[in-house]
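Spelled out, the chains give:
There are 2 protein chains.
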Amino acid sequence: MKYSQRVSAMQSSPIRKLVPYALDAKSRGIKVYHLNIGQPDIKTPKGFFEAVKNFDSNVLEYAVSNGIPELIKSLQDYYTTYDMHFDKDEILITNGGSEAILFTLMAICDPGDNIIVPEPFYTNYNGFSQCINVEVNPITTKAERGFHLPSKEEITSRINSKTKGILLSNPGNPTGTVYTKEEIDMIGKIAIENNLWIIADEVYREFVYDGLSYTSFGNVKEIEDRVVIIDSVSKRYSACGARIGSIASKNKGLIAQILKLCQGRLCVPTLEQIGSVELYKTPTSYFKEVNEEYRRRRDVLYNELMKVDGVVCKKPTGAFYIVAKLPVENAEDFVIWMLKDFNKDNETVMVCPAEGFYSTEGLGRDEIRLAYILNEDDLLKAASILKEGLEKYVELKKSQLSSADA
Amino acid sequence: MKYSQRVSAMQSSPIRKLVPYALDAKSRGIKVYHLNIGQPDIKTPKGFFEAVKNFDSNVLEYAVSNGIPELIKSLQDYYTTYDMHFDKDEILITNGGSEAILFTLMAICDPGDNIIVPEPFYTNYNGFSQCINVEVNPITTKAERGFHLPSKEEITSRINSKTKGILLSNPGNPTGTVYTKEEIDMIGKIAIENNLWIIADEVYREFVYDGLSYTSFGNVKEIEDRVVIIDSVSKRYSACGARIGSIASKNKGLIAQILKLCQGRLCVPTLEQIGSVELYKTPTSYFKEVNEEYRRRRDVLYNELMKVDGVVCKKPTGAFYIVAKLPVENAEDFVIWMLKDFNKDNETVMVCPAEGFYSTEGLGRDEIRLAYILNEDDLLKAASILKEGLEKYVELKKSQLSSADA
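Those protein sequence lines, which keep their order, are chains B and E. Just so we're aligned, residue 1 is where the first sequence starts under UniProt numbering, counting upward by one. Just so we're aligned, residue 1 is where the second sequence starts under UniProt numbering, counting upward by one.
Simulated from the structure, these hints should not be mistaken for lab results. One thing to keep in mind: the hints can contain errors.
Since the list can't tell identical chains apart, any single copy or any two copies may satisfy a pair.
Keeping only pairs whose Cα atoms sit at most 16 Å apart, straight-line, the calculated EDC-like set for lysine to aspartate or glutamate is [said to hold, decoys possible]:
#	residue 1	residue 2
1	46	61
2	2	110
3	43	56
4	189	153
Since the model is a prediction, treat every value here as computed from it, not as a measurement.
Using the sequences and the hints given, assemble the complete structure.
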């Protein structure tokens with residue numbers, strides 16, 4: 001039996017494909033610190049669970065396709081705190097940010113069309129695109145420049161007649177980069193001049209450090225008819241398992257188009273929506289605490305990485321990821337080595353090779369992504385193990401090279 | 001700003017597009033009996049809610065992409081009662097049956113490919129196909145024959161080089177038809193001879209009446225490498241709002257392909273999966289009761305319909321729908337008339353025009369779908385109102401016609 005080309009061509013998750021090595025290490029009694037996945041350990045606000053537990057109907061009925069009115073209201077109020085103002089028919093609730101991105105791409109691209117995406121990017125952007133025959137058209141950003149955007153000319157040179165939009169995450173996964181107001185305005189100009197949509201994945205909106213000011217694409221009046229804001233409760237409220245995302249756009253026509261896709265899948269789970277109403281009512285003091293926690297973790301991990309000769313990375317200012325260029329040839333080989341051949345007092349660390357976050361062949365082979373989602377003590381330990389492992393691995397490769405020379 | 005052709009071309013839900021007329025009737029103080037939607041009133045088994053309420057982690061984490069092991073186990077056990085035996089890597093949990101169908105179509109069809117579907121069909125089959133550029137290739141079934149399948153020759157004549165599979169629901173939505181063992185075997189033979197997949201949407205498996213024996217496509221050994229079984233808790237356990245569906249196939253290669261799509265959207269909601277573990281443990285006595293309840297409802301509705309001159313429909317033997325051919329020219333006009341211009345003691349009935357369940361232009365214009373999802377008393381009332389309305393409408397059209405003649 002034959003499978004479709006579009007799905008056959010998809011890569012398996014680069015984040016998950018090395019999991020067997022971790023399982024094997026664990027089976028040998030080794031403790032593995034996971035810096036490879038974006039599953040936070042922060043508590044989910046209790047309001048979510050309380051609302052779910054208070055559900056008292058006998059029948060778990062379909063919800064409306066666009067999302068329950070209470071959740072849309074709750075989201076409208078949340079956006080207001082960022083000076084974004086959406087009518088209720090400008091918001092759709094989705095099955096996670098994932099469905100929000102998939103549906104938006106479907107609604108703006110036909111097969112063969114492409115989307116400009118700064119790389120390294122969230123790897124599933126590629127997957128969503130491939131399964132609906134849309135091409136990711138990458139613009140490369142670099143560790144040395146803290147993964148900030150290249151010049152307007154460089155970006156514009158990638159645009160062709162099949163380009164329908166620009167998709168980017170801000171703060172960035174996997175880079176942790178927060179775009180400046182100038183970068184946001186530049187993207188806005190490019191979009192206007194080339195009649196492109198902007199899909200702004202802002203699921204890490206709250207995770208901005210060092211007092212940096214944050215500009216949402218939803219704050220730029222001139223582009224409001226072409227901006228689609230993607231959100232999710234997953235990282236924001238440490239509620240990854242709720243799978244509640246959303247699409248917001250002042251372009252009511254686009255929302256009406258996407259609503260047809262929402263009607264096709266009938267609805268998003270009723271209980272998860274009821275719980276999420278409460279999440280979006282969480283007081284902003286929650287973010288201050290969480291933010292401070294992540295900021296400390298970032299510093300721990302970054303400072304330790306910087307102690308290793310040859311590691312290149314600017315201190316990221318958002319989300320909870322670091323992409324670092326390592327003094328190694330093949331980061332995947334290093335990641336596997338850490339799990340297979342290294343441990344310190346029976347403990348080791350798992351990180352994620354970054355090659356899967358690029359679509360340009362060969363890029364990112366010497367880079368890794370680290371997620372700082374452990375508590376400070378564990379993270380300190382993990383960072384020190386990683387540092388030691390990396391130094392040893394670099395040493396080992398050098399000695400292998402010189403013995404090959406001999 | 002431009003939208004994609006694929007989504008622009010999608011029709012709005014034919015089930016939902018007449019809702020404004022119902023809302024208007026209600027605003028005029030008229031009670032509307034809804035026979036237009038498949039939202040059952042049966043109680044969701046309590047185990048679901050109890051399991052959800054007993055969840056006691058502080059963090060609502062991602063679940064694994066293929067589905068939590070407990071739910072897969074629970075589903076395996078359920079299938080065993082139907083003499084179907086799936087390994088754990090032959091099952092994937094999905095966001096409703098909807099995602100199960102969308103992902104399966106993606107994994108077997110590239111843009112321009114087509115899928116054989118008996119019409120009338122579940123309208124979203126069309127929507128799922130359109131948004132991924134797959135064509136529905138309809139084989140027409142008829143009210144006069146109880147919507148049973150046409151001959152092997154007629155079906156085979158529709159197959160071309162771009163045909164990748166046959167998608168059908170059994171028992172059927174919207175027809176309520178249960179395919180015979182002979183029909184299942186015929187489809188199996190056609191699939192083997194033409195190297196096609198069979199996507200068997202069996203979400204109404206339990207709703208079979210009159211002691212009829214039911215054959216699942218999962219019970220035919222010869223085709224097990226090409227059969228994909230779609231299931232869902234929605235109708236089975238009256239848990240439509242849980243959005244828990246599944247894909248099962250002995251073709252492990254296909255499951256591995258679809259798993260990539262599952263990884264892309266990360267996971268299905270954790271709590272809904274935990275609840276659904278209990279649903280699939282519901283004792284079969286539950287189905288006996290529910291089944292008997294639906295059987296009685298079907299009889300009430302069918303008997304009342306049969307009292308109207310010119311109504312054509314065979315008594316359906318499954319699911320909870322009836323498609324009936326009415327003695328009218330335009331069923332949508334009749335449905336709107338019932339909401340706008342008719343009431344009996346301030347009560348009226350909403351049904352669903354069936355044209356949207358066909359992809360062949362012009363078919364189904366004189367047909368409606370009725371869902372018997374109300375309790376017996378309400379249904380009896382609704383059926384009698386519908387009968388009276390229909391008779392009056394037919395009378396009215398006749399008199400309009402003769403006055404036009406005059």
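Now the hints, each set against the structure:
In this assembly of identical chains, the alpha carbons of residue 46 and residue 61 lie at most 16 Å apart only when taken from different copies (14 Å versus 24 Å within one copy). Within a single copy, residue 2 and residue 110 get their C-alpha atoms only as close as 24 Å, which misses the 16 Å cut-off; across copies the closest is 11 Å, which meets it. For a Cα distance limit of 16 Å, the shortest separation of residue 43 from residue 56 across copies, 12 Å, qualifies, whereas the shortest one inside one copy, 25 Å, does not. In this assembly of identical chains, residue 189 and residue 153 lie within 16 Å of each other by CA distance solely inside one copy; the values are 12 Å within and 59 Å between copies.
In this structure, none of the earlier numbered hints is contradicted; all agree with it.
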